[in-house]
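Novice: Each step along the sequence shown adds one to the number in this note's numbering, with nothing skipped, and position 10 is 10.
Heads up, a few of these hints could be off.
16 Å max Cα-Cα, derived EDC-like pairs, lysine to aspartate or glutamate [to be verified]:
1. K46 with E66
2. K78 with E6
3. K108 with E58
4. K254 with D293
5. K319 with E284
6. K328 with E279
7. K204 with E157
8. K254 with E215
9. K259 with E234
10. K46 with E58
11. K259 with E231
12. K328 with D290
13. K254 with E10
14. K257 with E284
15. K88 with E150
16. K257 with E10
17. K203 with E231
18. K61 with E43
19. K319 with E279
20. K164 with E96
21. K280 with E234
22. K259 with E215
23. K164 with E91
Cβ pair distances, simulated, as ranges [to be verified]:
24. G54 with I139: 18 to 24 Å
25. V103 with G307: 19 to 25 Å
26. E255 with E101: 40 to 46 Å
Everything labelled a hint here was simulated from the structure, so no lab data went into it. Don't be surprised by glycine CBs; every beta carbon is placed ideally from N, CA and C.
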Amino acid sequence: MLTPRENLIETIRGGNPDRYVNQFEALALQWCNPLDTKHSRPEYGKGPVQNAWGVYFEWPKGTPGEFPLHDPEHILIKDIGRWREYVKMPETVFPEEVWAEIVEAANKVDRSQQFVTACMWPGLFENCHHMMSMEECMINLYEEPEFMHELITFVTEYELNLSKAVVEHIHPDAVYRHDDWGTQISSFMSNEMFREFYLDPTKKIYQFWRDNGVEIVIHHSDSYGENLIPEMIEAGIDVWQGALSTNNLPRIAKEYKGKLTIMGGINSGIVDRPDWSAEKIHNEVNRILDWTDSKYFIPNCTQGGAGSTFKGVYDEVSKAIEIYNRTKYI
1 MLTPRENLIE TIRGGNPDRY VNQFEALALQ WCNPLDTKHS RPEYGKGPVQ
51 NAWGVYFEWP KGTPGEFPLH DPEHILIKDI GRWREYVKMP ETVFPEEVWA
101 EIVEAANKVD RSQQFVTACM WPGLFENCHH MMSMEECMIN LYEEPEFMHE
151 LITFVTEYEL NLSKAVVEHI HPDAVYRHDD WGTQISSFMS NEMFREFYLD
201 PTKKIYQFWR DNGVEIVIHH SDSYGENLIP EMIEAGIDVW QGALSTNNLP
251 RIAKEYKGKL TIMGGINSGI VDRPDWSAEK IHNEVNRILD WTDSKYFIPN
301 CTQGGAGSTF KGVYDEVSKA IEIYNRTKYI
């Protein structure tokens, strides 16, 4: 039987995987930003916390995660034409003792079994709308393209600086990067607009990782996005994690075998609920795997990480995939 690492390689290269890759089993996810710690993130139901960019986040009760605050008091960029007055680049050079815990965690990974995977978020588009609100971001792409290009270039420079520091310290062989590009039924922008603003900077970031020893690029966008697959491939993405079942998963798995692998399908909004049960989860996992019917698809909760909002859901999904593998392939 192939190791998790070997099976992932066979899956994404269009080779001969011997079973479904089970969620994140082949990826040892590493939290890599020294400025993004539990102390810089909001606690459930408590007051807002400011991140390194100056964006305020809050985690309201009854919601699955944190959200940026965009009221007049808290919004960062109040006028895109004056964005340089509001946005200051966070630090990326830290004393070695700051990196010690991150390096220690990466060194514990058995690279024959798993990929040491650098986790990088938020991405360029997410960072932009965090700073000014989704509505203003989309409007500014139309009405203030010059300023938006300037801001995107600035944020890209920061991400490359941080990526360089991560490479120097943990030498990852995979990168897992977040940048949500769509809703449940549509991408946020047209292919033309995506190409105009975000394709080249994204390519530049992923090429940097390639040039520095990264073998696999995984991009998270828990959304519809099959219209952007040509752009994903051009950007250098190997795995699109978070693909919802509103995408035509069987068609994508068949048509893009060896070019782009979809990872997701098990919509977190369906299984990751307060009323979850093992039966509901196993039924949904079996339904998605029977429908997709391709080992070149990676079944996975669509949320962006190896966990779930409600305790036990992620592990139960893994168990259901394991049972399916034993029944059909092993």
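Novice: For every hint, state whether the structure bears it out.
Specialist: Quick rundown of the hints versus the structure:
1. For the given pair, K46 sits about 11 Å from E66 by alpha-carbon distance, which is consistent with the 16 Å threshold.
2. Proximity of K78 to E6 is assessed by CA-CA distance (about 49 Å); at most 16 Å being required, the pair is judged violated.
3. Between K108 and E58, the direct Cα distance comes to roughly 33 Å. Violation of the 16 Å bound is thereby established for this hinted pair.
4. For a cut-off of 16 Å, the pair hint linking K254 to D293 stands: about 10 Å separates their Cα positions.
5. Annotation: proposed proximity of K319 to E284 holds, straight-line Cα distance about 13 Å (limit 16 Å).
6. Between the alpha carbons of K328 and E279 the distance comes to roughly 19 Å, so the proposed pair goes past 16 Å and is violated.
7. Distance hint between K204 and E157 is fulfilled; the C-alpha atoms sit about 10 Å from each other, no more than 16 Å.
8. Under the criterion of a C-alpha separation no larger than 16 Å, the hint pairing K254 with E215 is inconsistent with the structure, at around 23 Å.
9. For the given pair, K259 sits about 10 Å from E234 by alpha-carbon distance, which is consistent with the 16 Å threshold.
10. Between the alpha carbons of K46 and E58 the distance comes to roughly 7 Å, so the proposed pair stays at or under 16 Å and holds.
11. For the hint linking K259 to E231, the alpha-carbon distance of about 12 Å falls within 16 Å, and the restraint holds.
12. For a cut-off of 16 Å, the pair hint linking K328 to D290 stands: about 11 Å separates their Cα positions.
13. The hinted pair formed by K254 and E10 meets the criterion: a straight-line CA distance of about 15 Å does not exceed 16 Å.
14. With a C-alpha separation of about 24 Å, the suggested pairing of K257 with E284 is violated against the 16 Å cut-off.
15. Between K88 and E150 the alpha-carbon distance is near 13 Å, which keeps this suggested pair within the 16 Å criterion.
16. Pair hint K257 plus E10 holds up; C-alpha atoms about 11 Å apart against a cutoff of 16 Å.
17. For the suggested pair K203 and E231, the alpha carbons sit about 9 Å apart, so the restraint of at most 16 Å is met.
18. With a CA separation close to 10 Å, the supplied pair K61 and E43 stays within the 16 Å bound.
19. Taking the CA atoms of K319 and E279, the gap is near 12 Å; set against the 16 Å cutoff, the hint holds.
20. Note on K164 and E96: the hinted pairing holds, with a Cα-Cα distance of about 14 Å set against a maximum of 16 Å.
21. Only pairs whose Cα atoms come within 16 Å are accepted, and K280 paired with E234 is rejected, the gap being roughly 38 Å.
22. Annotation: proposed proximity of K259 to E215 holds, straight-line Cα distance about 14 Å (limit 16 Å).
23. Taking the CA atoms of K164 and E91, the gap is about 13 Å. The hint holds against a cut of 16 Å.
24. One distance hint, 18 to 24 Å for the beta-carbon pair G54 and I139, holds here, with the actual separation near 21 Å.
25. In this structure the supplied range 19 to 25 Å holds for V103 paired with G307, their Cβ-Cβ distance being about 23 Å.
26. As the Cβ distance of E255 to E101 is approximately 43 Å, the hint placing it in 40 to 46 Å holds.
Comparing the model with each numbered hint stated earlier shows that hints 2, 3, 6, 8, 14, 21 do not hold.
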